[in-house]
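**Q** Each chain is listed here by its residues.
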Amino acid sequence: DGGITQSPKYLFRKEGQNVTLSCEQNLNHDAMYWYRQDPGQGLRLIYYSQIVNDFQKGDIAEGYSVSREKKESFPLTVTSAQKNPTAFYLCASSIRHNYGYTFGSGTRLTVV
Amino acid sequence: SQQGEEDPQALSIQEGENATMNCSYKTSINNLQWYRQNSGRGLVHLILIRSNEREKHSGRLRVTLDTSKKSSSLLITASRAADTASYFCATGRIQGAQKLVFGQGTRLTINP
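The listed protein sequences correspond, in order, to chains A and B. Residue 40 in this note's numbering sits at position 40 of the first sequence; the count goes up by one each step and never skips. Each number in this note's numbering corresponds to the 1-based position in the second sequence with 1000 added.
Where hints are given, some of them may not hold.
[Said to hold, decoys possible] In silico DSS-like cross-links for lysine-lysine, where the CA-CA straight-line distance does not exceed 30 Å:
hint, chain 1, residue 1, chain 2, residue 2
1, A, K9, A, K83
2, A, K57, B, K1070
3, A, K57, A, K83
4, A, K57, B, K1026
5, A, K9, A, K71
6, A, K14, A, K83
Just so you know, the hints here were simulated from the structure itself, not pulled from any lab data. As the structure is a computational prediction, the values presented were derived from the model and not from experiment.
All chains, full assembly: derive it from the sequences and hints.
**A** In structure tokens, the structure reads:
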């Protein structure tokens, strides 16, 4: 079955640490996205990529970094520069812009 | 920057009743999409309506789009307990960055 997989489901980060969230899709989708969701809030775009080896900043990119070396993979690194990283992170993909998104099941990141 | 705004923020109805949620947006769009999110999970794509369409149906879902008023509504008929979730609208813009912009969501509770 095709889908999009995020791992881990839960992640704990110590102050000053970088952590990387994994996102893999086998849908052959060109575009991939990372969103952040805070409790009771909507989704805010962190980064997105329309094609391999290219990505753009979203609305809240500060303190985050991404790479898109393979079509299937779009990992997100939460750096120590992100001062309030505790949130629910959602990865999504779409065949291209203006089509429906397929979402992963999310990673809940907590700073300890 | 949030494009869509859902109304109401929360809605509680009895099982079997119809549920209506509204979404307003600000800029010209190519399409508008509705998503469902169960608590702690990823989003699931429900329906996409293009800017040249006025109404679309999918099972118990009915979506309308009024581009002159920059608004959309999602109607769920004969609601079930399993419909309890948050519902988000998302807009695909004609110009600018190639991304969907999500609203804050409507929290729907179906009481048995």
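**Q** If a hint holds in the structure, say so; if it doesn't, say that too.
**A** Do the hints match the structure? See the list:
1. In summary, the hint linking K9 (chain A) to K83 (chain A) is supported, as the alpha carbons are separated by about 21 Å, within the 30 Å threshold.
2. At most 30 Å may separate the alpha-carbon atoms for a hinted pair to count; K57 (chain A) and K1070 (chain B) meet this at roughly 27 Å.
3. A threshold of 30 Å between alpha carbons decides the hint, and for K57 (chain A) with K83 (chain A) the separation of about 18 Å falls inside it, so the pair holds.
4. Restraint check for K57 (chain A) and K1026 (chain B): satisfied, since their Cα atoms lie roughly 22 Å apart, inside the 30 Å limit.
5. Distance restraint check for K9 (chain A) and K71 (chain A): the Cα-Cα separation of roughly 22 Å lies within the 30 Å cut-off, and the hinted pair is therefore satisfied.
6. Restraint check for K14 (chain A) and K83 (chain A): the C-alpha separation of about 12 Å stays at or below 30 Å, so the hint holds.
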